[in-house]
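J.: Quick mapping for you: the protein sequence lines, in order, are chains L and Z. Going by my numbering, the final residue of the first sequence carries number 224, and the count climbs one at a time with no gaps. Going by my numbering, the final residue of the second sequence carries number 602, and the count climbs one at a time with no gaps.
These are calculated hints, taken from the structure and not from any lab test. Any given hint could be a false lead.
Now the stretches of chain L that chain Z is said to cover, found in silico as 3 or more residues with beta-carbon under 8 Å [stated by the list, open to error]:
1) 37-50
2) 105-112
3) 125-139
4) 200-212
Some chain Z residues near chain L, calculated using beta-carbon distances under 8 Å [to be verified]:
5) E521
6) L523
7) P549
8) T551
9) A553
10) H582
11) L589
12) L592
13) R596
14) H598
15) R600
Cβ atoms here follow ideal geometry from the backbone N, Cα and C, with glycine treated the same way.
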Amino acid sequence: MSGLSESARGGAPLAVKIAVSGGLGVGKTTFIGAISEIEPLDTEAAITEVSVGVDSLAGVEAKTTTTVALDFGRITLSPLITLYLFGTPGQDRFSFLWDDLVEGALGTVVLVDTRRIEDSFPALDYFEERDAPFVLAVNGFDGAHHFDLEEVREALGLEASVPVVACDARDRGSVRDVLVALMDQVVEHHMRVSRGSPAFAG
Amino acid sequence: MSERKENLEETEDALFVRPFIMTGGRARPAQEGLRVETLVEAAPGARTALLEFEQRRIVALCEHPTTVAEVAAGAGVPLGVAKVLIADLVVGGLLVCHQPQELQLHLLERIRDHVRAL
Ligand SMILES: Nc1nc2c(ncn2[C@@H]2O[C@H](COP(=O)(O)OP(=O)(O)OP(=O)(O)O)[C@@H](O)[C@H]2O)c(=O)[nH]1
Ligand SMILES: [Mg+2]
Numbered sequence: 023m024s025g026l027s028e029s030a031r032g033g034a035p036l037a038v039k040i041a042v043s044g045g046l047g048v049g050k051t052t053f054i055g056a057i058s059e060i061e062p063l064d065t066e067a068a069i070t071e072v073s074v075g076v077d078s079l080a081g082v083e084a085k086t087t088t089t090v091a092l093d094f095g096r097i098t099l100s101p102l103i104t105l106y107l108f109g110t111p112g113q114d115r116f117s118f119l120w121d122d123l124v125e126g127a128l129g130t131v132v133l134v135d136t137r138r139i140e141d142s143f144p145a146l147d148y149f150e151e152r153d154a155p156f157v158l159a160v161n162g163f164d165g166a167h168h169f170d171l172e173e174v175r176e177a178l179g180l181e182a183s184v185p186v187v188a189c190d191a192r193d194r195g196s197v198r199d200v201l202v203a204l205m206d207q208v209v210e211h212h213m214r215v216s217r218g219s220p221a222f223a224g
Numbered sequence: 485m486s487e488r489k490e491n492l493e494e495t496e497d498a499l500f501v502r503p504f505i506m507t508g509g510r511a512r513p514a515q516e517g518l519r520v521e522t523l524v525e526a527a528p529g530a531r532t533a534l535l536e537f538e539q540r541r542i543v544a545l546c547e548h549p550t551t552v553a554e555v556a557a558g559a560g561v562p563l564g565v566a567k568v569l570i571a572d573l574v575v576g577g578l579l580v581c582h583q584p585q586e587l588q589l590h591l592l593e594r595i596r597d598h599v600r601a602l
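Pulled out of the complex, with its shape left as it was, chain L reads as follows:
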């Protein structure tokens, strides 16, 4: 019902995205699939790695191109608002693709597997450097190994301001809770930033 009134007001459709990152095989595709209303779509991302002119006559502007599967899911939030989840490619050699996926995102979920905690370092380094909201979600993998969330935070040297939450990437409710934790961060971050620059407030 509220959806009806929303579209009756004639707003423009809005597509927003959240990035899902972390090391190889940490559960990104599983996480997206657990909540997406479509099967995570697999599309190839042929992106130019180096833009160096090799043959300007032929109009070939780039030297090399890499193709990599890009997966994403979709969640209709209202008749006008659709949320997309984009997984970042797990392999380090594709990290140049991350900018493209992360630019303009509301925020990022960084997944970590406690058995291979160091695999999440590249993702954490990347997101800590950007002044953008993110949460760390610890994928339990059946809880076969026990861990303390504060120990994970310490092991990763995460600031207190970054939420660390437990999750089961296969469980829709758990994935939703992670996304809510991220959206809390997004709202808080927005308020902090707009307070910090009064000249642009309003």
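Given the structure of chain L, go ahead and fit chain Z with the ligands onto it with the hints provided.
T.: Just chain Z with the ligands now, with coordinates in the frame of chain L:
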């Protein structure tokens, strides 16, 4: 051993060239700032315009506002190629793109509430 290396380089060249044949070899979109979640929609009249196969297919996919990522998946072309083709259509006035603005607080809060209700 240099023969093997040459073969590899040939394969890599082919891999590079093939997807971008549809774009006339161009890898850079004519319109900057297209993101995976940017919404594109067919302009009135785009359906009757004379277009190449791939472009016609893209226009058909964009009857309603559709994200660049979904256009790529729907047309079965790599994202980088889709961006070049979409950008040409935008520049040509056949597709309109809805570029997301920086979202205001009330919208972020609304999104959070929708997510909580999932
Ligand atoms: N038991 C268990 N298995 C999981 C869980 N999450 C993911 N898996 C499994 O772990 C494997 C890797 O999961 P994916 O979701 O493909 O991981 P990914 O991060 O997308 O992997 P890449 O895209 O290759 O980096 C799959 O076989 C999943 O079924 C979990 O919470 N518990
Ligand atoms: Mg995956």
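J.: With reference to the structure, classify each hint as holding or not holding.
T.: Here is how each hint holds up against the structure:
{"no.": "1", "hint": "37-50", "result": "holds (count 3)"}
{"no.": "2", "hint": "105-112", "result": "holds (count 3)"}
{"no.": "3", "hint": "125-139", "result": "holds (count 3)"}
{"no.": "4", "hint": "200-212", "result": "holds (count 7)"}
{"no.": "5", "hint": "E521", "result": "4 Å, holds"}
{"no.": "6", "hint": "L523", "result": "5 Å, holds"}
{"no.": "7", "hint": "P549", "result": "5 Å, holds"}
{"no.": "8", "hint": "T551", "result": "5 Å, holds"}
{"no.": "9", "hint": "A553", "result": "6 Å, holds"}
{"no.": "10", "hint": "H582", "result": "6 Å, holds"}
{"no.": "11", "hint": "L589", "result": "6 Å, holds"}
{"no.": "12", "hint": "L592", "result": "5 Å, holds"}
{"no.": "13", "hint": "R596", "result": "4 Å, holds"}
{"no.": "14", "hint": "H598", "result": "4 Å, holds"}
{"no.": "15", "hint": "R600", "result": "5 Å, holds"}
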